[in-house]
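Peer 1: The listed protein sequences correspond, in order, to chains A and B.
Quick note on this note's numbering: the first sequence kicks off at 71 and runs consecutively.
Quick note on this note's numbering: the second sequence kicks off at 71 and runs consecutively.
Rather than coming from a laboratory, the hints here were simulated on the basis of the structure.
The reader is advised that the hints may include incorrect statements.
Identical copies look the same in the list; a pair holds intra-copy or inter-copy alike.
What the hints assert, rightly or not - When the alpha-carbon atoms are kept at most 27 Å apart in a straight line, the in silico DSS-like pairs for lysine-lysine are as follows:
1) 220 with 328
2) 369 with 169
3) 220 with 392
4) 369 with 392
5) 94 with 369
2 protein chains.
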Amino acid sequence: MIDPLNQLLEFLAIPSVSADPSHKQDVERAAHWLDNRLSEAGFAVEVVPTTGHPIVYAEKQVDASAPTVLVYGHYDVQPPDPLELWETPPFEPTIKDGKIYARGASDDKGQVFAHVAAAMQLADDLPVNLKFLIEGEEEVGSPNLVPFVKEHRRRLAADVVLISDSPMFAPGLPTLTYGLRGLAYLEVRLRGLARDVHSGAYGGAVPNAAHAAAWMIAQLKDPMGWIRIPGFYDDVVPVAPEERAMWARLPFDEEAFKAEVGAEATPGEPGYGILERRWARPTLDVNGLGSGYQGEGSKTVIPAEAFFKFSMRLVPDQDPEKIADLAEAYLREILPEGYAMEVIRHHGGDPVVVPTNSPPMQAAAQALEEAWGRETVFTREGGSIPIVADFMRELEAPVVLMGFGLESDNLHAPNEKFDAVNFEKGIEASKNFLRLLPMYLKGGSA
Amino acid sequence: MIDPLNQLLEFLAIPSVSADPSHKQDVERAAHWLDNRLSEAGFAVEVVPTTGHPIVYAEKQVDASAPTVLVYGHYDVQPPDPLELWETPPFEPTIKDGKIYARGASDDKGQVFAHVAAAMQLADDLPVNLKFLIEGEEEVGSPNLVPFVKEHRRRLAADVVLISDSPMFAPGLPTLTYGLRGLAYLEVRLRGLARDVHSGAYGGAVPNAAHAAAWMIAQLKDPMGWIRIPGFYDDVVPVAPEERAMWARLPFDEEAFKAEVGAEATPGEPGYGILERRWARPTLDVNGLGSGYQGEGSKTVIPAEAFFKFSMRLVPDQDPEKIADLAEAYLREILPEGYAMEVIRHHGGDPVVVPTNSPPMQAAAQALEEAWGRETVFTREGGSIPIVADFMRELEAPVVLMGFGLESDNLHAPNEKFDAVNFEKGIEASKNFLRLLPMYLKGGSA
Numbered sequence: 071m072i073d074p075l076n077q078l079l080e081f082l083a084i085p086s087v088s089a090d091p092s093h094k095q096d097v098e099r100a101a102h103w104l105d106n107r108l109s110e111a112g113f114a115v116e117v118v119p120t121t122g123h124p125i126v127y128a129e130k131q132v133d134a135s136a137p138t139v140l141v142y143g144h145y146d147v148q149p150p151d152p153l154e155l156w157e158t159p160p161f162e163p164t165i166k167d168g169k170i171y172a173r174g175a176s177d178d179k180g181q182v183f184a185h186v187a188a189a190m191q192l193a194d195d196l197p198v199n200l201k202f203l204i205e206g207e208e209e210v211g212s213p214n215l216v217p218f219v220k221e222h223r224r225r226l227a228a229d230v231v232l233i234s235d236s237p238m239f240a241p242g243l244p245t246l247t248y249g250l251r252g253l254a255y256l257e258v259r260l261r262g263l264a265r266d267v268h269s270g271a272y273g274g275a276v277p278n279a280a281h282a283a284a285w286m287i288a289q290l291k292d293p294m295g296w297i298r299i300p301g302f303y304d305d306v307v308p309v310a311p312e313e314r315a316m317w318a319r320l321p322f323d324e325e326a327f328k329a330e331v332g333a334e335a336t337p338g339e340p341g342y343g344i345l346e347r348r349w350a351r352p353t354l355d356v357n358g359l360g361s362g363y364q365g366e367g368s369k370t371v372i373p374a375e376a377f378f379k380f381s382m383r384l385v386p387d388q389d390p391e392k393i394a395d396l397a398e399a400y401l402r403e404i405l406p407e408g409y410a411m412e413v414i415r416h417h418g419g420d421p422v423v424v425p426t427n428s429p430p431m432q433a434a435a436q437a438l439e440e441a442w443g444r445e446t447v448f449t450r451e452g453g454s455i456p457i458v459a460d461f462m463r464e465l466e467a468p469v470v471l472m473g474f475g476l477e478s479d480n481l482h483a484p485n486e487k488f489d490a491v492n493f494e495k496g497i498e499a500s501k502n503f504l505r506l507l508p509m510y511l512k513g514g515s516a
Numbered sequence: 071m072i073d074p075l076n077q078l079l080e081f082l083a084i085p086s087v088s089a090d091p092s093h094k095q096d097v098e099r100a101a102h103w104l105d106n107r108l109s110e111a112g113f114a115v116e117v118v119p120t121t122g123h124p125i126v127y128a129e130k131q132v133d134a135s136a137p138t139v140l141v142y143g144h145y146d147v148q149p150p151d152p153l154e155l156w157e158t159p160p161f162e163p164t165i166k167d168g169k170i171y172a173r174g175a176s177d178d179k180g181q182v183f184a185h186v187a188a189a190m191q192l193a194d195d196l197p198v199n200l201k202f203l204i205e206g207e208e209e210v211g212s213p214n215l216v217p218f219v220k221e222h223r224r225r226l227a228a229d230v231v232l233i234s235d236s237p238m239f240a241p242g243l244p245t246l247t248y249g250l251r252g253l254a255y256l257e258v259r260l261r262g263l264a265r266d267v268h269s270g271a272y273g274g275a276v277p278n279a280a281h282a283a284a285w286m287i288a289q290l291k292d293p294m295g296w297i298r299i300p301g302f303y304d305d306v307v308p309v310a311p312e313e314r315a316m317w318a319r320l321p322f323d324e325e326a327f328k329a330e331v332g333a334e335a336t337p338g339e340p341g342y343g344i345l346e347r348r349w350a351r352p353t354l355d356v357n358g359l360g361s362g363y364q365g366e367g368s369k370t371v372i373p374a375e376a377f378f379k380f381s382m383r384l385v386p387d388q389d390p391e392k393i394a395d396l397a398e399a400y401l402r403e404i405l406p407e408g409y410a411m412e413v414i415r416h417h418g419g420d421p422v423v424v425p426t427n428s429p430p431m432q433a434a435a436q437a438l439e440e441a442w443g444r445e446t447v448f449t450r451e452g453g454s455i456p457i458v459a460d461f462m463r464e465l466e467a468p469v470v471l472m473g474f475g476l477e478s479d480n481l482h483a484p485n486e487k488f489d490a491v492n493f494e495k496g497i498e499a500s501k502n503f504l505r506l507l508p509m510y511l512k513g514g515s516a
């Protein structure tokens, strides 16, 4: 049997950059590479063409009475730019100090392939019916995934959806993610004049869209982090004391966090810890802002237009549509006189929190604990993985987020890496989970 | 004698674009073209090389006891871009409906050449000693002009400095400008993080430079136009009731003003009219603002950096240096915690107001009145012409701003034009002024 690590290196050498049309053949090559591995492992595989990149779907039925697990992941990767900052070439996977350096090593080829390798190793001893849904468009917004899921609800039916595309809380600390924030994203375009005018000749008597944008942003969120949209907090479920106590036990180092992002302060809502503010409190952040002269030096112009884009991260039970409505109504209320405003709604996503005491989560916790030899911690994530809510809704199945990566894996950045030990233990954890799940679902405990 | 209009068309055909290095020879050609015209008119001319484009200096001494007038102007022009918006080519001067279309027609070739043509027509009957200082770098910030003026104070000595590089208040309405606003220009650069971070993973716990910029801008000026920098208004000289009454008699049409700039409102300090707000009240306008993602669609990033540039238009007796100091101190006071700030000072300029009842101004008023057949109005301008304060300081001479252009001349824009009638009457007014000035300076009146 071929060493899974060498197989992973082969997988990582394929530059399956979904965003770059010149890599279209490479993306397809990666899909067929997976097809070959899964076929070798005895799966019935289909490489499903889409209007974009193909979806790899595979299944192996072992026993109609056994539970069914659907593993979701993606085989496409981020573009490797800026190339000059890589210490080793992004598509020449290199192992150094126990770390596998390559684009896609952690996001998500290494993590999804841990499950494929587990299935290969279990071979005929597979204790569950296993399905793989591995897409090639995650890094470009998964345009074809939800339509595929909706169309193939029955075929994809599963007792548990298993996803490994997230980080562990700390190196060596097995982690299950049980919550994700949702998202509402709006863009505001303001216009106060038909054209830019001279700030000398007109200053004092005409609207200035840059100021209007600033006034509005200042009224959206105050410097203490409080969001001033009426009704914004109405549906926020407070964190239970037990949950807060659980987070307090996590090895979180505020100084290390500040050093990591290069921040001198960690401003935010008073009375909430940093983890709670990132995981369980809704936020509003301007992501882009522009008006007037953008070049070097000075130009004396009153800008006719301004724009700002902002994302709101949502928590249960906030509804992205309702929040976007509230935000838009407030924007219209605070719009200063003399400006035309256009509000554009970009993508959104539902917040998700799943119980940590469900049988699949408990099985996953034990599976990780056996692999790493440490008690599994339960964390939330501040980001959004919209497909999680989609799976829960469309397949009516619980989702287990079992991350093998690390925050320090340089996702979407140069020198992406994946610790070889996490790959090995990921395979082990995957096998453990498939073995333990049937027992937990039956109400047993290992 | 050659028709001055045909000579002007020849002058306008030279693409003397000072900002574009590929036009360096053309700029020089325009200088020599002026040299030839002024030499033909009996002037001693020098084309003075600088590190940039040459300065044309000419003088004609008629009588040691006669007053001396220094005419300042510029022979360089703005770049013609965007070319596709010109209805006739910018450097193929075209007369249509009594208007001369060409880059530089109004700014400033047509206006300065009116004075050259006047001197040519007066020939040996020149009633004053006349000097011309015509630079080729006005559109690139006049880097060599003030050093030249300082170095040649004696040679440039004059009883009056005459400048035609400004608009009349309305078509057919002879106008003298007796006030200009000053300028202080600052740029603020903020940084809250070492790098952009994901708005999901970090939102709620890290600084966001876009918000900091917005909060600060919102604290610089409120939506009513009030500037909140402590001490900002301390040195502002209020407008006298007579001056305000004089402006009230000007044919100003607020609806036409709004239509011209495409504004639905004319926000500004309550209790002040639009002209007073543009001419005699200080202002603060953000000229450029940027942070984070500038592209189409959405990107979920918390920007590490933000910048904003703002200009403050100043009125007597505000001092640009003092105002910049006050602004910088206030910026440091309102800077939110967790951000590093850099403040860059760009160019400034002193505000200027000259008496309207001085002999040169009265001579100019009569000169214009005789040419246009209407009473001359006195106006201020909202913009800044820093060289005016420099002339007043270095040459200790009064400055007369006798504009022949119109607000609608499309300065710095496609389809720049100059009304042929204003060129003709400008020549006449120039001759009138040179004739009337000696009498007014002697205390007489025509």
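Peer 1: Among the hints numbered above, which are violated by the structure, and what are their numbers in rising order?
Peer 2: 1 and 2
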